[in-house]
Amino acid sequence: MRNEIFALVDCNNFYASCERVFQPSLRTTPIGVLSNNDGCIVAMSKEMKKLGISRGKPAFKIFHLLQKYNIKLFSSNYALYGDMSARVMKTLSQFTPEMEVYSIDEAFLRLTEFQHLDLNEYGKEIRDTVFKWTGIPVSVGIGRTKTLAKIAARIAKKYSKFNGVFNTIDHPKMDKILETIPVEKVWGIGRQYAKKLKKYGILNAYKLSQVPEYWVKRQLTVVGLRTVRELQGDSCIDFEMDIIPRKEVVASRSFGIPITELSDLQEAVASHCTRAVEKLREQNLVASYVTVYLTTNRFKNEPQYANYSSSTLIVPSAYTPDFLKEVKIALKRIYRPNYNYKKVGVMISKIMHQNNAPLYFFYPNYLDDKRKDIMDNVDAINKNWGTNTIRYAASGTKQKWQMQREFLSPSYTTNWDELPVVR
DNA sequence: TCTGGGGTCCTAGGACCC
DNA sequence: TCTGGGGTCCTAGGACCC
Numbered sequence: 003m004r005n006e007i008f009a010l011v012d013c014n015n016f017y018a019s020c021e022r023v024f025q026p027s028l029r030t031t032p033i034g035v036l037s038n039n040d041g042c043i044v045a046m047s048k049e050m051k052k053l054g055i056s057r058g059k060p061a062f063k064i065f066h067l068l069q070k071y072n073i074k075l076f077s078s079n080y081a082l083y084g085d086m087s088a089r090v091m092k093t094l095s096q097f098t099p100e101m102e103v104y105s106i107d108e109a110f111l112r113l114t115e116f117q118h119l120d121l122n123e124y125g126k127e128i129r130d131t132v133f134k135w136t137g138i139p140v141s142v143g144i145g146r147t148k149t150l151a152k153i154a155a156r157i158a159k160k161y162s163k164f165n166g167v168f169n170t171i172d173h174p175k176m177d178k179i180l181e182t183i184p185v186e187k188v189w190g191i192g193r194q195y196a197k198k199l200k201k202y203g204i205l206n207a208y209k210l211s212q213v214p215e216y217w218v219k220r221q222l223t224v225v226g227l228r229t230v231r232e233l234q235g236d237s238c239i240d241f242e243m244d245i246i247p248r249k250e251v252v253a254s255r256s257f258g259i260p261i262t263e264l265s266d267l268q269e270a271v272a273s274h275c276t277r278a279v280e281k282l283r284e285q286n287l288v289a290s291y292v293t294v295y296l297t298t299n300r301f302k303n304e305p306q307y308a309n310y311s312s313s314t315l316i317v318p319s320a321y322t323p324d325f326l327k328e329v330k331i332a333l334k335r336i337y338r339p340n341y342n343y344k345k346v347g348v349m350i351s352k353i354m355h356q357n358n359a360p361l362y363f364f365y366p367n368y369l370d371d372k373r374k375d376i377m378d379n380v381d382a383i384n385k386n387w388g389t390n391t392i393r394y395a396a397s398g399t400k401q402k403w404q405m406q407r408e409f410l411s412p413s414y415t416t417n418w419d420e421l422p423v424v425r
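Remember, this note's numbering sits 2 above the position in the first sequence when you count from 1.
Keep in mind the hints are simulated off the structure, nothing from the lab.
Just so you know, not all the hints are guaranteed correct.
[To be verified] BS3-like mimics (lysine-lysine), calculated; alpha carbons at most 27 Å apart, straight line:
#1 LYS51 to LYS249
#2 LYS159 to LYS134
#3 LYS63 to LYS374
#4 LYS134 to LYS160
#5 LYS219 to LYS48
Owing to the predicted nature of the structure, the values given are computational and were not obtained by experimental measurement.
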């Protein structure tokens, strides 16, 4: 067993905290951030959590509370959150050469080479520095495995007496600590697994750590087995410093209103497709497989239909028109009239790095002909002048399918016209 | 629940081959 | 047809994550 040391740095209520950074007057106001389409609550400040509102609640259900509790709602603003995330990660990277950016608001730091430090002090320094440089409050959890670091961060966040930092390494009461963690809060144990485990009386992390391996493997596959070993202090979930190439890229949106006409769906699909291929290019990837899917609203009591269709490109590409051509045909194959559609999506897979794409004698390679130059220019313009400055006619101009974002905050950090003004 | 979007991994089972 | 064994590859579905 290796004696690893991991820290998990987790931003507190990340989206809500981002909004607050730019509106300091909301320091004590309950803040909620909504999902796309302003559909439901995806993030809350602690003041709002205290009101007993739960994540995932449909937004309209709390409209009557807004005035009473002076709640401030925001439509999600991923341009802002992405930019703030980059600032946090850049700050964190100063504390170790070995960092894994795990999600938009979390990073693992490998601190195995820092055994000699007072880890609690180091954690506090990390926390204070991130707050000073970005305005985002974070929790720091330290443990021998990633799973234990996760649990530590949860404790750091939950109990204010720890000042946002908790270290489980060599903790004398480790068993007691694990007993306080409900099994469904363990990283890797979701709703279904928790249900199964509870049936057998395995209610908390300590119990889970004591379960025989063959039983776990049979019930929860090798994934569950890894989790159990991690709880025992045996690090077996890989630490991924390198950015691993995506295996698939998805772009999809629910519609603001039900959509029936093929022409509207074609616009939406073209728009999603354009975004998906953009994401490919951001990482210098090419791909050769694209899937279009559509679905009606399964929560409505009306005729239901869902289907998908895929196409293979002759040559792996990141040239948007190559994909637009395919998704148009694919959508036509699966479209049926007279349904109220809720959502369409485009998924791109069979992805590889552009330098690894096979060369074909009869077909031009994406890198070789003018297509890459064209795409680079389009991307540069859209980056400088704003998303969709240049876009494809196929995406349409009516865009009646566009989502609703009633409570959108300004793009403080990514749009020159919306910079905060100091008077 | 009247519900967001974007990902990953694992397994079972079918297709196909010898 | 009262039907062998074994391997690989692919896909759908189910679980998980943020």
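Now the hints, each set against the structure:
1. LYS51 to LYS249: It is violated: about 36 Å lies between the C-alpha atoms, which goes past 27 Å.
2. LYS159 to LYS134: holds (18 Å)
3. LYS63 to LYS374: Outside the cut-off at roughly 48 Å; violated.
4. LYS134 to LYS160: Holds, at about 22 Å.
5. LYS219 to LYS48: Status violated; Cα separation ~38 Å.
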